[in-house]
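S.K.: One letter stands for each residue in the lines below.
Number of protein chains: 6
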Amino acid sequence: MTGRIICFGELLLRFTTPGHERLMQSPKFDVHFGGAEANVGVSLARFGHDVRMVSALPDNPFGEATIEALRAQQVDAKGVARGDGRMGIYFLETGAVRRPSRIVYDRANSVFANTPATAYDWPKLLEGADWLHLSGITPAIGPEPSKAARDAVRTAREMGISVAFDGNYREALWSAWGGNGPDVLRDILGHADAAFINERDIALILGETPASRADAMTRAFEVFPSLSAIACTSRAQTSVTDQTLTGELYTREGHWTSKPHTMSGVVDRIGGGDAFAAGILHGSIEAYGAQRSVEFATAASVIKHSIPGDWNLTTVREVEDAMSENGLDVRR
Amino acid sequence: MTGRIICFGELLLRFTTPGHERLMQSPKFDVHFGGAEANVGVSLARFGHDVRMVSALPDNPFGEATIEALRAQQVDAKGVARGDGRMGIYFLETGAVRRPSRIVYDRANSVFANTPATAYDWPKLLEGADWLHLSGITPAIGPEPSKAARDAVRTAREMGISVAFDGNYREALWSAWGGNGPDVLRDILGHADAAFINERDIALILGETPASRADAMTRAFEVFPSLSAIACTSRAQTSVTDQTLTGELYTREGHWTSKPHTMSGVVDRIGGGDAFAAGILHGSIEAYGAQRSVEFATAASVIKHSIPGDWNLTTVREVEDAMSENGLDVRR
Amino acid sequence: MTGRIICFGELLLRFTTPGHERLMQSPKFDVHFGGAEANVGVSLARFGHDVRMVSALPDNPFGEATIEALRAQQVDAKGVARGDGRMGIYFLETGAVRRPSRIVYDRANSVFANTPATAYDWPKLLEGADWLHLSGITPAIGPEPSKAARDAVRTAREMGISVAFDGNYREALWSAWGGNGPDVLRDILGHADAAFINERDIALILGETPASRADAMTRAFEVFPSLSAIACTSRAQTSVTDQTLTGELYTREGHWTSKPHTMSGVVDRIGGGDAFAAGILHGSIEAYGAQRSVEFATAASVIKHSIPGDWNLTTVREVEDAMSENGLDVRR
Amino acid sequence: MTGRIICFGELLLRFTTPGHERLMQSPKFDVHFGGAEANVGVSLARFGHDVRMVSALPDNPFGEATIEALRAQQVDAKGVARGDGRMGIYFLETGAVRRPSRIVYDRANSVFANTPATAYDWPKLLEGADWLHLSGITPAIGPEPSKAARDAVRTAREMGISVAFDGNYREALWSAWGGNGPDVLRDILGHADAAFINERDIALILGETPASRADAMTRAFEVFPSLSAIACTSRAQTSVTDQTLTGELYTREGHWTSKPHTMSGVVDRIGGGDAFAAGILHGSIEAYGAQRSVEFATAASVIKHSIPGDWNLTTVREVEDAMSENGLDVRR
Amino acid sequence: MTGRIICFGELLLRFTTPGHERLMQSPKFDVHFGGAEANVGVSLARFGHDVRMVSALPDNPFGEATIEALRAQQVDAKGVARGDGRMGIYFLETGAVRRPSRIVYDRANSVFANTPATAYDWPKLLEGADWLHLSGITPAIGPEPSKAARDAVRTAREMGISVAFDGNYREALWSAWGGNGPDVLRDILGHADAAFINERDIALILGETPASRADAMTRAFEVFPSLSAIACTSRAQTSVTDQTLTGELYTREGHWTSKPHTMSGVVDRIGGGDAFAAGILHGSIEAYGAQRSVEFATAASVIKHSIPGDWNLTTVREVEDAMSENGLDVRR
Amino acid sequence: MTGRIICFGELLLRFTTPGHERLMQSPKFDVHFGGAEANVGVSLARFGHDVRMVSALPDNPFGEATIEALRAQQVDAKGVARGDGRMGIYFLETGAVRRPSRIVYDRANSVFANTPATAYDWPKLLEGADWLHLSGITPAIGPEPSKAARDAVRTAREMGISVAFDGNYREALWSAWGGNGPDVLRDILGHADAAFINERDIALILGETPASRADAMTRAFEVFPSLSAIACTSRAQTSVTDQTLTGELYTREGHWTSKPHTMSGVVDRIGGGDAFAAGILHGSIEAYGAQRSVEFATAASVIKHSIPGDWNLTTVREVEDAMSENGLDVRR
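Protein chains in written order, with this note's numbering: chain A, 1 to 332; chain B, 1 to 332; chain C, 1 to 332; chain D, 1 to 332; chain E, 1 to 332; chain F, 1 to 332.
Take the hints with a grain of salt, since some may be wrong.
Since the list can't tell identical chains apart, any single copy or any two copies may satisfy a pair.
Unchecked claim - In silico lysine to any residue, SDA-like type, Cα no more than 25 Å apart, as pairs:
#	residue 1	residue 2
1	28	237
2	28	330
3	124	317
4	78	317
5	259	117
6	147	206
7	78	157
8	147	233
9	259	287
10	28	332
11	78	23
12	28	318
13	147	116
14	78	26
15	28	223
16	124	292
Source of the hints: derived by calculation from the structure; they are not laboratory data. Computed from a predicted structure; not experimentally measured.
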């Protein structure tokens, strides 16, 4: 089954230091594209779904290149507005051993941040969609994206389109323009069907401190009546590149946990959460059932950790291979 | 003789496509540092002078790396303020054949642009200096840099410090914040001793259209009574990488022209004007006399065209070698 | 005006030695996509036309990547068949000074060569098109592509679609499978409206030796009654990287020549002819008139010589800039 | 003691994605040489033996470069025929975490595949040899290589030269031309003195399913009377780059197992089996005895896992160091 | 508190193979700067101390570049003599799996080795210093550096400057010129306040074989009356890139051990000991107390293992972060 | 016809800055092999002759790699002695525009320099040879190489082997050890049959100042009675990368000049003289006659200017192509 998903959020350039070097250690950067919602969109397009990106990009070679990259991944970019201005950047210093990776953002005043909420014609942009996906970063970017995010969610609700929301609470973004993050996220979650949040997000959004993850989930289902599923991952790290990843899926009916995946020699952890979210949405669209969905989503996320860049350049078949007991030796 | 020069202006990161590629053609960038005044400062420090940079940089790894790079070039960076925010970037696509190089700026809202004019304690920053150097870019960056530039020039004048000014009229920067470029530049030139401007700059600043370069220079000397020297280059291009460069120096006493330098296989044209300006200032400090100064400055600029990056990583000895008839074969 | 163009031909991987190295001198290759018709298609898509590629590619990551790259360039790849097998490769050793560039082909037995002519449903593939473009390479690849090329041309003719044909006579390809090149090309040219051929091609195809280019063109118009335009370039080389390019356009009404373009420091000459052909087709679709068309096409080809890879990653605006007297200095 | 070994098999170009990237993720490939028998040959030459390669390569720069590389490794390439055609290629995408490495072959229709069996003058090529080594890939490549492999083995037998055979059963190669793999491999194994096969190979070749590795070995010794030694490895993988390797050697007299080697951060697993085979042959030639042979071979294979490319660029001394308890810290 | 430290020793160029390749496997080298004392100096300068390097470098672009690099790191290079000659080089082949890294030295006859002891005016060079740091490599380089090292230590002692000494016993260097290493090191240790030595160094220097590390330390405190602290690390390696590091600090009052740090995916182990030494000196200057000092030093060393090159490009804040339980996930 | 040539001289590692960068501008080096006599040897081996290198190299991975590279080029390296010590290095900064390329040598105290003259058993090493080739660098390296060079020449003479000598007068090398260059070179030239020297070399060697090149040649033929041919080139440079090269050949019978070759976009000028010398020797061995020899040698040298590294990686066929009027367009 093919779903039609609208992803709304900012696209970023990512500049990465080569070979575990510190930022500016040697004068080279590798370039990738990022942005939480685009990451989810690319995954879903590669899983065979119709994905449309709604965003705003500069009318310059970087906007052009981003759209080319989306098109290459079969993500429809017709809903991407173009305007004067800049594209947000983030710099990634890839950590190692016990030195964590580090991100330096340079995303303020982007075309996306400055595009007025009225520039998005939601009834038209959402037409024919099954899902609207966005993250907590989108409304945190500024007052206009915040308004646009709420408009989008409300319109989707009215049009009977399911809403998927990835918490991604970023204090620094909210405080930069004085937005009230918890208020806005509560509003959005009030309309969401699926959420990618953990107990930390829930605590921040509700201003409460749940005793456990299970309690937090229970509270979230109480407070947000439209929510039917919450998914999150647990990540244990014995070193920056040695981790164990487990996925969890909570519904009002129960709670499912994936098998834990030991990941050693992690290549690129960025986008791992987005790969997981895309896997859950894929499972939902394909009606995989809860256990298979969380296994698929976790295996998809594990694959992401092996691929440079934010995007999970994989396929359903490869994820299924990773879910199986096929072994890890060379495929010929 | 060693001069003490203060350079005031913004420092930029430069991201360059590798091997004549279009912007974002392949996912790599080479990194250099730029900024017109820093370019002049690095040249002068390499020519043996005491150079202090006055600027503002972010309190992050990019600001840190920039200061390290200045220190490496023996440019004193103690006058560089640090603050929250971003560092301006420019992207350079290196042209070839008949496709011109192209610069995409992403410099708005930088720490430098946002640093208030009052943050610079000019009497202290200029203490002991022989020259203050700045370009027309500095006041064009925004109202605060504009005010700071004028304060700097006025204070220098009061302290008996000579002022060198490089026209560098950038319409896009002025119009971005509604600054009156010609007014400000006329004010600054009214205090300058040396200017790096050509007939085009003069026309824009005076709002007049001189009949010739010579007429323009005559008018400039009339309008700006403190000016004692104006220098500029002529660049003829038969292809993007094949050029001829000639330097000219005008004073109230006369007019000197360098021998023309044929440049084929140009590696990097950016910073060529700053290298020339540094050469003229060096000649002035060393009392080379007009002809030798303009020959030195032009040869210095020619060397810059062979070096990747904005900075003219050369020495007085190499410039003198380029001025000589020593031939171009391998030096062992 | 936007044209709808179908390009039919093989897509190749191109592996290029870095930095003027000999083949296998150091263990690195840069990768690009090639194929004469795709090169034309990418140009036309970038000039704003609707372009559909008809081809056949392997069902493996290379076929996938090629389709992604076409999509990125807004070339519709839905008409690209997929099958078991390999993708043709060509290796490019970039020459320098007086050592010519060298191509080593490894394209035999590709999916394209092995796809049966019956696999292409031409009436459907050509539906709604204004032009069909193909080159003399397509029928030279093997008996099935040869048949497919003739089917395509005949069907286009029947559907009232104009046919553009680029001679590109490759003796080695024809003799590899014993095809009668001149026969086939005469057949195709008999249905073509526009041809990209010079006196050498004409001589080979007609088995005659015209006394001059003008005579050859006259003969071609006599022999091929549907032909309304023939275009070609003249290339003079004083070194591998120093060339002069002139375009010519012949119709039954007259003969137009572009201004000659001196090109020094040529970065990549491959695809220069395809860029020219695309320029002529663009001029025809846009009804530029003969002189403007040949100037546009030649300027487009000149830009190609500055860009690594087969594809002319440019825009109408940049070509027009190259046609103007705007100078070659850095664009800010 | 120095042995004289003839290796018969195809040489391939290997194109590897850089830095764990997916195939065609960024436009670069690293190049190495491959081919199971050449891998063994290079190891043995580096261990001090006289190695001659018998193969067929194209008469182009790739054939040339391959021969240069063999010569550099002191493998005699005079027995390598040259002909028109192509050289087989394989593309390697280096996996990570839990994403297995992946090989895409493009080796059909190579010069080697097309060289007639009669082109090899075995009595002359084998003259003076102690061992003939080949793998199950050689006869799988096509009818002519299949015939050539059997001729080689039969001739060796007649000349009293020992035959070493590495199973390497590749279903895809056999089915591509309809060869009967099990028949051919049984024939070859019927003449072999040493075999590098495990229970899976034995099952495929004999069409039986032994209950255990030990049973399989017993059966192999029954069916193939000339066999005096069988060696194989066991590889356990907790992640793509974290593995444990153990070597085993079976003779009619007994069974020896190496100590297990924990390998974390595996750099390149390709060629690990060939490195092991070369180690066993070296041990046999040097009369190391069974235990030392299997320890040496396993340690050699472990070293291979740390070196980019197919070839085990090591020395006897380094293998012995790896067998010892000398620790893993920097050698100065 | 800011300390003033003089580091005396040779600076080296380090050429490293890319990506775990063997030396000269592909024709590329990455370049870093090395030298045990400079490594310590760079760490201390980055921790906020005033560091002056005393050394000798060639009067060529390599000497120039080294001084620029020191200046960038805020290490004062005014005490670096310049002379005719060469700069020592070391080549590093980065190991993997169970193949140890390997260093090939090419450091003989350097400017540093040839600079006469009399060239160093110690009373002036040491003026105002709190600590003199040097390693056992400095006196091992040749008779003049040996004499200079002893002069430096003696002068420091007379001026009331504390002496820190890192054992670093290099047999090959001593035997190259016939120096009596143990004698010289005993002399130096006789004046040292802090030493970075382990039981192996002590055994070599004293010509005794202590029963345990603790015994060795006891003996060292007996023999060298001025010593107040001895620090060293224990390194356990399960593979070349998987190690456990523990630091220890011995004083006449007691013995402190850091928590063990598991390090997987080690990027660059070179300079790990120097990073530890710098951490201990920093702890001493800052009066951290023994436990915090050894924790700080060990965490600093752990960070070094994640950074390419000899220098520990970190900060006090990052080391403190590594000492904490803040987790290893991405820092935004 | 195949000649047997012995080349005697030092082999060097060459480290080159990437992309016209200054030395140490960014932390990367490309690596090639150099050495005047090896350069000649590689050319001749590629032209089909039997070449044996006599030299001395360190017993380390660099010596190993050099021998592998020679073997790859089919240069017999059995006459290369191995010993403890270092390999000479030279650093090349590739110039551009009007900034000349620059070489920094680090070749003192190499294994070659330290190998005693007695280590070379000339009667054995020269056995069966037609030519001995060496340059003026060999005896300049130190007293032992100087003695060895003279021994070699004398022995060759006695054995009836022709001697080819390339002047290459390097003042810095001679003065480093106080050798009397002119004396030694006069001695060697007194035994030479062919010399690669120009008027500058002749003036230095004879201590006379000839009025013209023709006079110098006349004098050389007078003073050195065994000389039958002198060849040299003239190089005119309009920029570092734009040059014109002409070859000249003088015999006692006459004087021949090649056509001048315009070279633009020169990639690598190093080894151009050695490529010319090899071309002359090849012409002599093949009995091309004077005019064809000088044309061949000059064309060979021109090709060298297009290839990175010291070695002229070309073939007789390519040189003949460059001598022809075949044009410079892509060879398919």
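S.K.: Look at each hint and say if it fits the structure.
M.R.: To see whether the hints hold, each was checked on the structure:
Taking identical chains as interchangeable, the C-alpha atoms of residue 28 and residue 237 are never at most 25 Å apart, the minima being 29 Å within one chain and 30 Å between chains. Taking CA atoms no more than 25 Å apart as the test, residue 28 paired with residue 330 passes between copies only; the shortest distance there is 21 Å, against 31 Å inside one copy. Taking the shortest alpha-carbon separations for residue 124 and residue 317, neither the intra-copy value of 34 Å nor the inter-copy value of 32 Å comes in at or below 25 Å. Taking the shortest alpha-carbon separations for residue 78 and residue 317, only the inter-copy value of 22 Å comes in at or below 25 Å, while the best intra-copy value is 28 Å.
In this assembly of identical chains, residue 259 and residue 117 lie within 25 Å of each other by CA distance neither inside one copy nor across copies; the values are 42 Å within and 50 Å between. Only within a single protomer do residue 147 and residue 206 lie at most 25 Å apart by alpha-carbon distance; the minimum there is 20 Å, versus 47 Å between protomers. When the C-alpha separation of residue 78 and residue 157 is checked against a cutoff of 25 Å, the pair qualifies only within one copy, where the shortest distance is 22 Å, while the shortest distance between copies is 34 Å. Proximity of residue 147 to residue 233 under the C-alpha cut-off of 25 Å is found in neither arrangement, the shortest distances being 29 Å within a copy and 52 Å between copies.
Taking the closest pair of Cα atoms, residue 259 and residue 287 come within 25 Å of each other only inside a single copy of the chain (20 Å); across copies the shortest separation is 48 Å, beyond that limit. In the homo-oligomer, the alpha carbons of residue 28 and residue 332 lie at most 25 Å apart only across protomers (21 Å), although the nearest pairing inside one protomer, at 34 Å, exceeds that limit. With identical chains, the CA atoms of residue 78 and residue 23 are at most 25 Å apart between copies only, with a shortest distance of 22 Å across copies and 35 Å within one. Proximity of residue 28 to residue 318 under the C-alpha cut-off of 25 Å is restricted to the inter-copy arrangement: shortest distance 23 Å between copies versus 32 Å within a copy.
For a Cα distance limit of 25 Å, the shortest separation of residue 147 from residue 116 inside one copy, 9 Å, qualifies, whereas the shortest one across copies, 32 Å, does not. For the homomeric pair residue 78 and residue 26, the shortest alpha-carbon distance between copies (24 Å) is at most 25 Å, but the shortest distance inside one copy (38 Å) is not. For the identical chains of this complex, residue 28 and residue 223 are neighbours neither inside a copy (48 Å) nor across copies (47 Å), given an alpha-carbon limit of 25 Å. Taking the shortest Cα distances, residue 124 and residue 292 never come within 25 Å of each other, neither inside one copy (34 Å) nor across copies (41 Å).
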